[in-house]
Amino acid sequence: MAQRSITSFFKLTPPKPAVKQEKKDHEEIKTESDNEKDSSPNTNGNVKAYSKRPRLESSESDGSPQKKQTSPAVSSNKKSRIKRQRIESSGSESEISPKQEQGIESPKSDQKVIKADPDPTSKSDVKEATLPKANSSPKTNKKNTLVKSPTTKEKKTPAKRKKNASSVKDGDDSKTIRSPSPVKVKVEEDDTSNKEKGEEKQAVKVEANSENKVLVPEAEYDPSKSKYHPVVDACWAAGAPVPYLALARTLELIEGTSARLKIVDILSNYLRSVIALTPEDLLPSIYMCLNQLAPAYHSLELGIAETYLMKAIGQCTGRSVAQVKSAAARSGDLGRAAELARATQRTMFAPAPLTTRRVFHALRDVARMTGHASVNKKINKIQSLYVACRQSEARYLIRSLEGKLRIGLAEQSVLQALALATATTPPDPDGVKILDASKGLSTEQFKARVDEHALIIKTTYCECPNYESIISVVLQHGVAALPRHCRLTPGVPLKPMLAHPTKGVTEIFDRFEKEQFTCEWKYDGERAQIHVPGDDKPDLTEASIFSRNQENNTSKYPDILRRLPELLKDTVHSCVLDCEAVAYDTETKQILPFQILSTRKRKDAAEADIKVQVCVFVFDLLYFNGEPLVNQPLLRRRELLREHFREKEGSWQFATSADCSGVEEVQQFLDAAVRGSCEGLMVKALSGPNARYDIARRSHNWLKLKKDYLEGVGDTIDVVVIGAYSGRGKRAGAFGGFLLACYDPHSEEYQSLCKIGTGFSDEDLATLTATLNEHIIDAPRSYYRYDASHAPDAWVSARCVWEVRCADLSLSPSHRAAAGLVHADKGISLRFPRFIRVRDDKGPEQATSAQQIAEMYLAQDQVKNTAKNDKKSNIDDFY
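Start counting the sequence shown at 1; every next residue gets the next number (this note's numbering).
It should be emphasised that the hints constitute simulated quantities derived from the structure, not laboratory data. Because the structure is a prediction, the values reported are computed rather than measured. Treat the hints loosely; a few may be bogus.
As the list claims (entries may be wrong) - Simulated pairs of lysine-lysine, DSBU-like, Cα-Cα distance not exceeding 35 Å:
hint, residue 1, residue 2
1, K826, K842
2, K495, K404
3, K704, K842
4, K458, K603
5, K495, K569
6, K603, K381
7, K537, K458
8, K648, K495
9, K404, K601
10, K601, K377
11, K601, K495
12, K755, K325
13, K227, K404
14, K311, K603
15, K503, K704
16, K826, K755
17, K311, K404
18, K439, K225
19, K381, K842
20, K404, K842
21, K433, K447
22, K601, K381
23, K569, K704
24, K377, K404
25, K537, K601
26, K225, K433
27, K433, K262
Based on the provided sequences and hints, a complete structural model is requested.
Below is the structure:
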């Protein structure tokens, strides 16, 4: 029955007083059976209203039940088309919408009526009724029309009623009355026992479907709320692409939170909703949270200069580049400046809302654009995204294009959030069955489950740092299946094991007491991880070389690949080797300093143009003939290495090693390493459970002892340059001092550590000044932490990493390095820092971390001897 014809009667025709019903309430509902034709003629008589309105039980709310009319039936030779109307009761009556009150005349019609037992719990039979189709025109009387009493009120709109079907239940039978269709009306049995049996599954399916639920407004999406429900509290429906605004809201909440556990909780709630509703968007969500586009070894980077981003923003908002630059300087963040500019912009036609999937693929397209006019193509692509941004989307879109989100979300936190999300809402290829697996478990039991998931995910990522493989396995097979499907494989670099520094020989014996260990020369070169795939024989055409940062350096070392057959014996089919590439003088047979190695071309080097030769010193075997060896002790790995690989002087050599058992032997071996142009020694556990290869860990099972460690703080420090001071006197015209910082991965901040002005030659200053001039910025970044008293003459983008040495570390009221880790109000600074060299092999995020600075401070003798110090930790963790 059309809603318009029902309401028109009561809006344009004055309601009549209630009259006595001509038929009793207990009369059975009249139906048409065996296609019996209606013999009552059509009439234009008045329709009587009823003072009472019986209700019919229904599984869905639609409209109010119809009343039986008193108009006599008129016979007809033609069978009228039947529209089966849904009949259902509503718990409360609502008012007729204003749109239904305008321009509708009173209908004139006759109809058949369905009358239900007033008692919804009665056991009387409810039969199926054939309802005439309502006529859309109020002036015609050729078709029957259902008329409702003036008190009848709708719960759903007509469009909704036409779309959905409802059922009329009475006793054990359930009759379903659907929209007009050639399919016959279905009669279904209400099996209450089966309903109770599958109550949980049915509930999950209904929730996961979320077709009928009212969506949370995207601008109000809040994954930080307590008792978060992954379906009810989401702002998108099942199967729909995840709105980019939902991700932006999540990042915005994370940015405003300092507690790491809360950050993990916020992100895990968002990921739970993605897993439950749109699992195909889980991978783009993970990558966007990490601001990555692909695994590190794919070397897929956006490469968008800040000037181009300002140009794109200015063209979209009618501003000049100078205006955008000024706004960014005032706010200290180009992302926030872009957000403010977009908020004041008005468009005639609103673009389609952004989705996380679309933004991710668009960023990939931008990164892959090369060749002629690629800059303009990138700007056009960026503009198409920017004009569609809403609220905080512009902020995080621009930050993603810049290369850093700066919200304090470290990769380890993302992995922990993924573990928490999968432990709470386990993925399933057929659809999520359990939305909250923590129910029924104690706090300790659930925490143990989360820790188990976290260990599996982190360990797997270390062996196979490819989120595409990991997420695919998690969604299809679950977290427990990751070790079986994602393993160490040639061609996929793993994060290398690193060593802890030690200050003296005696500390080595304290650490390896009653354990067998070996000492190896520590070469001053560049870490090289060589991968050789193959089945029955090695495929040298697919061999590759990766740096410690998982960057693909294959094109940097074509000479090494050419010499690979000299290294491999016939028994080698595939392998992964951990090595050190060192500059080498082939005539004098001497190792050259690292600075000489850094002069080699970094990419696409032609072997004929190579002037600096390298010798590769192999010290570990991680994979051999299809079998990972990382869990084997070093003694076994070393035996296989020496058995199946060859040495050639000046090309391939095993790391010089000695199994020492006394302090004097270690000291003599250290002196020999220094005479051999090495930095010092690497001391490693040789056998036992501590002798495995701890992927991606700075482990105490490896210790490094440099010649400089016997004095001072025990280690050199890798720092990031964030500012420069103008030189005076003979240093006029160049920079004479610099502001250095350490990196805090948890807060994604660069924290001032010290000012430095010693250790530079005039040539160094000229070279460093020319390099830093390319990275000068107008104002400090929002993620720089410093004291105003140390403000430099020129701020520098955090790009350059230097190695420095100092006398010791001390607490500082002005420098912000490791603030809060050792002292509540003070940071840590370096005393008497001295420049050593530029570290081109390290990125700013690989600089010495704030946590390491705190550990080095606490490891000093004068600090260890204080009674208040009890913060030293010997726990290894993923770096």
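TODO: Determine which of the earlier numbered hints do not hold for this structure and return their numbers in increasing order.
DONE: The structure conflicts with no hint, since it agrees with every one listed earlier.
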